[in-house]
Amino acid sequence: MSVMPQKPRKGFSLPHSARWPVGFLIAALALFALYYFVYYGPVDPDFKAWVQRWLSIASMNESLVWVMCALGLNVVVGYAGLLDLGFVAFWAIGGYTVGWFMSAFFQQWNVHVLGTGPETARGLHFNFWFVLILAGLICAAFGVLIGAPTLRLRSDYLALVTLGFGEIIPQIFYNGDDLWGFNLTNGTKGILPADPVPAVAFDKEGVGFRDLGVFDHLSKYVIFVVFVAVIVFVSLRLREGRLGRAWLAIREDELAASAMGVPLMRTKLSAYGIGAVAGGIGGAAFAILINGVLPDRFNFSISIILLAMVVLGGMGNVWGVIIGALLISWVNSTGLPQAGNAINETFDTNINFPSWSFLIFGATLVLMMLFRREGILPEARTRLVLREPGRTEAEALGADLEAPAPELDALPEIEVAGDSTNEGKRS
Amino acid sequence: MTAAVQPALQAEQIKVQFGGLIAVNGVDFTVPKGGVVSLIGPNGAGKTTFFNALTGLYKLAAGRVVLSGRDITGLPPHKVADLGMARTFQNIRLFGLMTAEENVKVAMHSHLKSGIFGTVLRTPRQRREERAAHDTALELLDFVGIGKTAGEYARNLSYGDQRRLEVARALALRPKVLLLDEPTAGMNPRESAQFTEFVHRVRSEKDLSILLIEHDMSVVMRVSEHITVLDRGQKIAEGTPEDIRTNDRVIEAYLGSAAKEGGA
Chain Y
1 MSVMPQKPRK GFSLPHSARW PVGFLIAALA LFALYYFVYY GPVDPDFKAW VQRWLSIASM
61 NESLVWVMCA LGLNVVVGYA GLLDLGFVAF WAIGGYTVGW FMSAFFQQWN VHVLGTGPET
121 ARGLHFNFWF VLILAGLICA AFGVLIGAPT LRLRSDYLAL VTLGFGEIIP QIFYNGDDLW
181 GFNLTNGTKG ILPADPVPAV AFDKEGVGFR DLGVFDHLSK YVIFVVFVAV IVFVSLRLRE
241 GRLGRAWLAI REDELAASAM GVPLMRTKLS AYGIGAVAGG IGGAAFAILI NGVLPDRFNF
301 SISIILLAMV VLGGMGNVWG VIIGALLISW VNSTGLPQAG NAINETFDTN INFPSWSFLI
361 FGATLVLMML FRREGILPEA RTRLVLREPG RTEAEALGAD LEAPAPELDA LPEIEVAGDS
421 TNEGKRS
Chain L
428 MTAAVQPALQ AEQIKVQFGG LIAVNGVDFT VPKGGVVSLI GPNGAGKTTF FNALTGLYKL
488 AAGRVVLSGR DITGLPPHKV ADLGMARTFQ NIRLFGLMTA EENVKVAMHS HLKSGIFGTV
548 LRTPRQRREE RAAHDTALEL LDFVGIGKTA GEYARNLSYG DQRRLEVARA LALRPKVLLL
608 DEPTAGMNPR ESAQFTEFVH RVRSEKDLSI LLIEHDMSVV MRVSEHITVL DRGQKIAEGT
668 PEDIRTNDRV IEAYLGSAAK EGGA
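Chains as they are written, first to last, in the working numbering: chain Y, 1 to 427; chain L, 428 to 691.
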């Protein structure tokens, strides 16, 4: 992370590798303090309104969901170099896991496992923390299930097939209210409401353990930050180990990796599975944020936006991906509409800025690809390849790097006119 | 070689076919334990194809590959590598954006045991394993003479160092047989001469057998104990360097193709 400015520090200095994690924690704590203050503290109403307009906690929580999913996709795309255009599938599966196991939806069954739903209610009522693990496992299983037949394909073909799965799975949720007479997903109506989450709550009276309601945004913020932290931790640890090296090797040169004893299928599947777990956690988090699950949220554009977050943020670098995800989701949810309102008010115009989001998004992508291909905060190694021409690129430009050394040409025994093979003369 | 000693690598009646083209046809081949064997032949003779077939990159149309008594025919490349056949590539295929050390560590993948949970929790066993891997990697880099480059990205190394790194990476597999595909390509005569010593040092210190494809005849004649000549997918000669030097069919294959190219 050499992008950090190297400031001389007095007394104690953080180890290089700890700067970003510590920065992340400080930023998260500062936001927590801000929100706590705005909610419960004696605060100027104007300031409160400003925060709610420009940095509302609800949209911050949604941004954190985006961060989780983008970090999952980063394992697949950034680490292992597998292009996935259907990541929304895992977000959806994670969400529906919460819908199924934490609501009164399945009226035909009546199972309560430390659940928080009303005790008399029918349906599956599992404890959220249990369902969270379940969402991760189900997504990992689906990741492997989708990956097993598709990962044999290479780059473009893989992208196309993942795109297909990313379309199929949300469509199943959309139309799954009558699967051979069985209502699996409740179709367009979605599954609402989900049971409350038992967790540590932060409110006026202080800290306590209780079931969170729909508007306990601050507590959910804390939960989501913890989720993100865990995903980051796992990503970083895996990256440094045996598996992370194998992913990188596959990203760099699949054939050489296999010749060096790296099992391609298993290694790719593990990237897919682990990425899917993060997507599932994101999906579950989103479901408790909006208190249920609705199928129309899971369309193709989500996959594309997630991919853009990874690419713009800086493929392979979790901190870059976090920044990319926060930035893009903030612009989409808050920045663009609010800035549009401000412009409309100031100039007395009536432009619908949010409808321009894809135009602006596309233009940003083009500009980034032209001027900063490696993303906002790239991995050190990726920056290297995108900033200097490599051997093969130089060769593409016409440099003959394989040419023999000049002293070879000076050897008299090889100087035979019209003979292009040296061996013939020597043997 | 006594009959009781099992050959390190034995290939029987290898046939590789691409559609209607038979690239390698019925080649028998043996690398004795501890031997240095060369595979030579004019351009397009099927040498690299033969390598790729041995290491599992190409499916065999017919034939059998036996590595130290174990049939490895049809196994995927990573299994073949794990069982003790390591290779380098004709046009260097390093992991460019990984450091030299990481490149070597990738090849230790099959020897290392730690899984997802061990890595995430950084268990004492995983840490011990990583430390050992680090030491081994540095040792190997030192062995091939590029210990100082451990922290540099492979793509930034000089051409010669990249070739050395490929050998170090292959050695990290702890192979029984090391396949070198044109290791001296792009080297000047002095480097090629040093290479001969290097091959013998690898063979004796790492206790393995070496099979190499080579174009530079002076290297081939000096380094190998046994030479096999391929031409148009067929084995046309086999023997000691002295036999090959005087073999009529070999001379014809080389001079014939050279004359043809010259005339074209």
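What the hints contain is simulated information worked out from the structure, not anything from laboratory work.
Be a bit skeptical, because a hint or two may be false.
[Said to hold, decoys possible] Now the in silico label distances, taken between C-beta atoms and shown as ranges: (1) Y/Arg154 to L/Glu669: 29 to 35 Å; (2) L/Asp455 to Y/His16: 31 to 37 Å; (3) Y/Gly208 to L/Gly574: 57 to 63 Å; (4) Y/Arg266 to L/Gly447: 45 to 51 Å; (5) L/Arg552 to Y/Pro354: 35 to 41 Å; (6) L/Gln661 to Y/Glu240: 46 to 52 Å.
All C-beta atoms in this analysis are idealised placements derived from N, C-alpha and C, irrespective of residue type, glycine included.
For each hint, the structure was consulted:
The given range of 29 to 35 Å is broken by Y/Arg154 and L/Glu669, whose C-beta atoms sit roughly 47 Å from each other. For L/Asp455 paired with Y/His16, a C-beta distance near 57 Å fails the hint of 31 to 37 Å. For Y/Gly208 paired with L/Gly574, a C-beta distance near 59 Å keeps the hint of 57 to 63 Å intact. At roughly 35 Å, the beta carbons of Y/Arg266 and L/Gly447 sit outside the given window of 45 to 51 Å.
For the pair L/Arg552 and Y/Pro354, the supplied restraint of 35 to 41 Å is violated, since their beta-carbon distance comes to about 53 Å. The hint said 46 to 52 Å for the Cβ distance between L/Gln661 and Y/Glu240, and at roughly 49 Å that hint holds.
Comparing the model with each numbered hint stated earlier shows that hints 1, 2, 4 and 5 do not hold.
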